[in-house]
Amino acid sequence: GAVVSQHPSWVICKSGTSVKIECRSLDFQATTMFWYRQFPKQSLMLMATSNEGSKATYEQGVEKDKFLINHASLTLSTLTVTSAHPEDSSFYICSARALDLGRETQYFGPGTRLLVL
Amino acid sequence: GESVGLHLPTLSVQEGDNSIINCAYSNSASDYFIWYKQESGKGPQFIIDIRSNMDKRQGQRVTVLLNKTVKHLSLQIAATQPGDSAVYFCAENIDRSTLTFGKGTMLLVSP
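Top to bottom, those sequences are chains A and B.
The opening residue of the first sequence carries number 1 in my numbering; numbering runs sequentially from there.
The opening residue of the second sequence carries number 1 in my numbering; numbering runs sequentially from there.
Don't take each hint at face value.
[Unchecked claim] Below, simulated DSS-like cross-link-like pairs (lysine-lysine); rule was C-alpha separation at most 30 Å, straight line:
1) B:Lys56 <-> A:Lys64
2) B:Lys103 <-> A:Lys41
3) A:Lys20 <-> B:Lys42
4) A:Lys41 <-> B:Lys71
5) A:Lys20 <-> A:Lys66
6) B:Lys68 <-> A:Lys41
7) B:Lys103 <-> A:Lys66
8) B:Lys56 <-> B:Lys68
9) A:Lys14 <-> B:Lys42
10) A:Lys20 <-> B:Lys103
11) A:Lys66 <-> A:Lys14
12) B:Lys71 <-> B:Lys42
13) B:Lys68 <-> B:Lys37
14) A:Lys66 <-> B:Lys56
15) B:Lys56 <-> B:Lys42
16) B:Lys42 <-> A:Lys64
17) A:Lys20 <-> B:Lys37
18) B:Lys42 <-> A:Lys66
19) A:Lys66 <-> A:Lys41
20) A:Lys55 <-> B:Lys42
21) B:Lys103 <-> B:Lys42
22) A:Lys55 <-> B:Lys68
23) A:Lys41 <-> B:Lys37
Worth flagging that the hints you see were computed from the coordinates, not collected in a lab.
Let the sequences and hints guide you as you build the complete structure.
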């Protein structure tokens, strides 16, 4: 149980375009999902916390107008990187906090590698 | 271990040895700790967790030790296998809030 999927697994786009990444909890409901970014050989950096039905909470330094987050249901959150630039190239990982599974831990998706040309 | 710049601390062991990965956490109010394993190009995978009211917890081939006095967490892997090669992150949590990740340690297991 507690499987989280992401789509796509990798994407290459031109500078200036927008990219949408989906995060789904497959076998549990997640009232809270999290979006992280990870650069090579570095740790995960939390970008934002997404609560179902409400606005996301962004970490300091993360532009909410550039990284649009929607959490429309208990099993789906999306991250849209708007007007992507090469410096946005990174590994984006989502996680979901399990509901009613007796655990507080976060379960992570497999990540989405974004390359902006 | 703590990383400096882009260089992850690395622990190299031989297959069959026991591995110990260390983590210093920052917040004395943290009440929940998790170890994650991340293989190259993949998302972090939950290994084991421990609450602050415990000082030791065992899983299959893994043991987590918590020393709240010095804010130190360790992950012990028994009989390390090549498939254990990955980056290991500790994470701390306060009152079901967001996770704060450590900087990671790369474990390299030689056959």
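Checked against the structure, which of the hints given earlier come out wrong?
-> 1, 14, 22
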